[in-house]
Each structure stands twice: as structure tokens, then as C-alpha cells.
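Residue numbers (our numbering): -1 to 225.
Calculated from the structure, these hints are not laboratory results. There's no promise every hint is true.
What the hints assert, rightly or not - Here are the simulated distance ranges between beta carbons: (1) 202 with 167: 40 to 50 angstroms; (2) 177 with 12: 55 to 65 angstroms; (3) 52 with 181: 45 to 55 angstroms; (4) 168 with 201: 31 to 41 angstroms.
Beta carbons: idealized from backbone N, C-alpha and C, even for Gly.
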Amino acid sequence: MAAVGDSSPDPSSEDPYVRLGLSQGASFERVQQARQECLDQVGDDPQARARVETAYDAVLMSRLRERQQGQLSEAAADASVREESVSKGSAFQTTGVLQKLQPRLQDAGQAISGIRPQVALVEGPGLWIRLGIGALAMVALLISSESVQLVLALGLIGGYVSAVRRGRRPLSSIGWTLAAVVVGLIAGGVLAAALSPSAVEQLHLNSDQIQAIPAALLLWLTALLLA
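With the sequences and hints as input, model every part of the structure.
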């Protein structure tokens, strides 16, 4: 039931009390009830609901200022105190939720960091080993078309093992190595299609070799740089 002095809500009014249909001395329960009644009346209209919430917030702020200035009646002051405690409770709940979410957000950030590629050139003996094996693989690929599948398979294994040995997670390692193969084969296919038959003949390579060259180079770079 409406409190004494309450009136029908007027959504067009600039006064938040009038907009919610409240009297200046409305109790805490009446303020909450008026807000809910107005929300029920406007339905799913987002703009109208926003105006109701704005009026409700304005009433809370007005009560707080008046209570600080000692201008509220005892009943209204009690309502203001309860409204403020509800607001603080909501803030504490929000803080608690954020505190619970923080470890999960940190875990998600670490997972993303583990997936994101990091580029760093191999140092020490490992660099020369990778350079030597990669050079031999490229020579074999250029000399014999029958070595295409073997070179790509060994490059895939080598890139994966290299990334894992450098500290990358196995799933991320195989993912980036496969990505290098796929991108390289697509680029090689485009290159093979763009070359004329006479140019291919002059290179003394067939289409399989031309398509495999970018993939082999990307795998070689993966073994050298992916960390």
C-alpha cells in the first residue's frame, strides 16, 4: 500500500520522487516497492527502465545528502541509513565476486600467454644443428621430388620437438607447427599456380616441390625461432 502523501508515478517529471510516485518521507520499504512497481509498469523498454533506475539512484543520493545535513525526519533518516547499508552490501558483494574471479582471470591470462607465440633465436650448439639439418632438408627437397613428403614430415616433427625442448607446452607446440605447414602449403599452392609452365620448367622443379618450399622454410624458421 502507498504511504501517506504518495502519488501516482509520473515518468515525465524531472523530480525523482514524483517520477517514482513517492513522498519525501517514504520508508525504505516504500522506496524499494515504488522502484519495483515502476519497473513492472515499463516492462522491457530499456530507456524507460534506465529512467526508473536513474530516479531511484537520485532518491538515494538525495536521502544521503539530506541525512548528512540533518534535514531528514527520523523515519526518512532510518530509511536512508538502510538504503546506504544495502548499497554498501552490494559493493562488498561485487568486490567479493571480483576477488573470486581474479585467480581465474590470472589463470586465463597465463593460458593465453602460453599459447601466444614468442620469437627468440636459438643459441649455442642447437643453432648450428638446426641450421645444418634445415639446409640438408632444403637441398634434398630441391634435388628430388620424392623427398617432399619426407622433408615435410621430418620438419613437422623437428619443429614440434624444438618448441617443446624450449619450454613451450606440447599442445601449443603442435598447433603452431601445424599452422606453419598449412600456411606454407597455401602459399606454395598460390606460387605454383602463379608460375607459368615455362618458368616451372626452367626451375627444374615440379609443382609438388614448389608448393612444399614455403612450408619447409616456415618449419625451419619455427625450429629456429619459436620459443
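(request) Take a look at whether the Cβ-Cβ distance between residue 168 and residue 201 falls inside 31 to 41 angstroms. (result) holds, 38 angstroms
(request) For the range 40 to 50 angstroms, tell me whether the beta carbons of residue 202 and residue 167 fit it or not. (result) Taking Cβ atoms as reference, residue 202 and residue 167 lie about 42 angstroms apart, which means the hint holds.
(request) Using the beta carbons of residue 177 and residue 12, state whether their distance is inside 55 to 65 angstroms or not. (result) holds, 59 angstroms
(request) Note whether the CB distance of residue 52 and residue 181 lies within 45 to 55 angstroms or breaks it. (result) holds, 52 angstroms
This entry satisfies every hint, going by the numbered hints stated previously.
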